Amino acid sequence: MADLEGRIEKGDGGHREFLELLPWYLNKTLEPEERARVEDHLRKCSTCQRELGELTGLRQAVTIEEPQLSGALVQGAMRRIRARRDPETRESISGWWRGFLRPRLALSLSALAVVFLGLGVFVGFQFGVNRAAIGGAPAPGFQSAHTTDQYFAFPRAILIRGTLTMQVGNRPLEEEDFTLEKQEDGRLLLTSNIQANELAAVQNLQLTSDSRPLSYSLQGPLVYRGIRAEAGFTDDQANLSVCCATTAAGQEISRRIVQLDDFPVLYDFSVMSHFALMQRVLAEQLARGISPNELKFSAITPQALRVEPLWVEDIQPATLTSQGRLLSVTRYSLAIGQQKENPLRVNLYALDNEELLAIYIPVQPRLASSSAIFAYRSDLYPQGLEIPQTP
Numbered sequence: 001m002a003d004l005e006g007r008i009e010k011g012d013g014g015h016r017e018f019l020e021l022l023p024w025y026l027n028k029t030l031e032p033e034e035r036a037r038v039e040d041h042l043r044k045c046s047t048c049q050r051e052l053g054e055l056t057g058l059r060q061a062v063t064i065e066e067p068q069l070s071g072a073l074v075q076g077a078m079r080r081i082r083a084r085r086d087p088e089t090r091e092s093i094s095g096w097w098r099g100f101l102r103p104r105l106a107l108s109l110s111a112l113a114v115v116f117l118g119l120g121v122f123v124g125f126q127f128g129v130n131r132a133a134i135g136g137a138p139a140p141g142f143q144s145a146h147t148t149d150q151y152f153a154f155p156r157a158i159l160i161r162g163t164l165t166m167q168v169g170n171r172p173l174e175e176e177d178f179t180l181e182k183q184e185d186g187r188l189l190l191t192s193n194i195q196a197n198e199l200a201a202v203q204n205l206q207l208t209s210d211s212r213p214l215s216y217s218l219q220g221p222l223v224y225r226g227i228r229a230e231a232g233f234t235d236d237q238a239n240l241s242v243c244c245a246t247t248a249a250g251q252e253i254s255r256r257i258v259q260l261d262d263f264p265v266l267y268d269f270s271v272m273s274h275f276a277l278m279q280r281v282l283a284e285q286l287a288r289g290i291s292p293n294e295l296k297f298s299a300i301t302p303q304a305l306r307v308e309p310l311w312v313e314d315i316q317p318a319t320l321t322s323q324g325r326l327l328s329v330t331r332y333s334l335a336i337g338q339q340k341e342n343p344l345r346v347n348l349y350a351l352d353n354e355e356l357l358a359i360y361i362p363v364q365p366r367l368a369s370s371s372a373i374f375a376y377r378s379d380l381y382p383q384g385l386e387i388p389q390t391p
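When the sequence shown is numbered by the UniProt record's numbering, its final residue is 391 and no position is left out of the sequence of numbers.
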């Protein structure tokens, strides 16, 4: 947890630091000395005791065995997702959504939304401990449309265009239509529309020609604890913000500046296209002759105001299946986290032409789900992709 050093303002005697450590205490991923400090603080602090109780309840809600949903219910959910692609649709930030900004009310959402929230929360979000600024809220709506098709008239080359469908266990949870393009000035632009049950978001990520991020925004009700997450980048820093949580004083904007020790990549909650971009960066650096054990990245999660080390553990030949047909691919085994003995592990599956086909996040301590997460290119394989079961 070395990244926590210097993160919290100490004006409250360090109390907020203990609040930030509670998710990792609950996940049993703290160093022994940090765990002892938290336990000592919990014996004396009723506020942290209550917060730990709420986190425990939320975790229990999102780690229960998934219910057996009927095929009709699953198909109905996917029809609702696809029906919300009208580019003229505007979503208002209604009163029920403002209530959702409080984590304790997440239990009132549908089963799919609860599971989705849990995936984001326990990958690394800190509850209620962000540096904040009070200011005006953004406009109370967002445009659910492909920004590349509406706002950019200059010549551009489409590098990748596709759809990633994410499922937890056998349940479809999210669909993301994304486009990576090269603009006339050589810079890259990644845009996407994301639909997850009744929630949605629009992404805009500007990058240099070598895929280094310049600016990022994710806007819509799908943003955790807000309606807009943003990031701006310099050579060695990222300025992260999430807007807006409703407080008695007004709309609260959470901000944090993080240091970038290595080449920056994004893996924000719900944005599967970040892994497609990550695969492209890996391929580019390997093509330059960098060995896999030398590949080191700073992985940024703007919605969590967080940065963590990312490294490559292994690169091996693998197979996927589609309707009984075997596909030869390459598996990139990645690890993300401050503690090398308990990182978040992610597998990327790509073709020889370096095009990402699938993402697999297995059940593990850092993921509060009883089922693995699997995302695949449903535009290329509408009948689905699978990882063959090992005997």
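Don't read these hints as lab results, they were simulated from the structure.
Take the hints with a grain of salt, since some may be wrong.
To be verified - Listed next, the in silico DSS-like pairs over lysine-lysine satisfying Cα-Cα at most 27 Å (straight line):
id, residue 1, residue 2
1, 28, 296
2, 340, 44
3, 44, 28
4, 296, 340
5, 182, 296
To be verified - Pairwise CB distance ranges, derived in the manner of DEER restraints:
id, residue 1, residue 2, range
6, 50, 184, 34 to 42 Å
7, 323, 353, 36 to 44 Å
8, 364, 46, 29 to 37 Å
Just so you know, these numbers come straight off a predicted model, no measurement behind them.
Even for Gly, the Cβ is constructed at its ideal location relative to N, Cα and C.
Hints, verified against the model:
| no. | hint | verdict |
| --- | --- | --- |
| 1 | 28 <-> 296 | holds (25 Å) |
| 2 | 340 <-> 44 | violated (31 Å) |
| 3 | 44 <-> 28 | holds (20 Å) |
| 4 | 296 <-> 340 | holds (13 Å) |
| 5 | 182 <-> 296 | holds (25 Å) |
| 6 | 50 <-> 184: 34 to 42 Å | violated (55 Å) |
| 7 | 323 <-> 353: 36 to 44 Å | violated (21 Å) |
| 8 | 364 <-> 46: 29 to 37 Å | holds (32 Å) |
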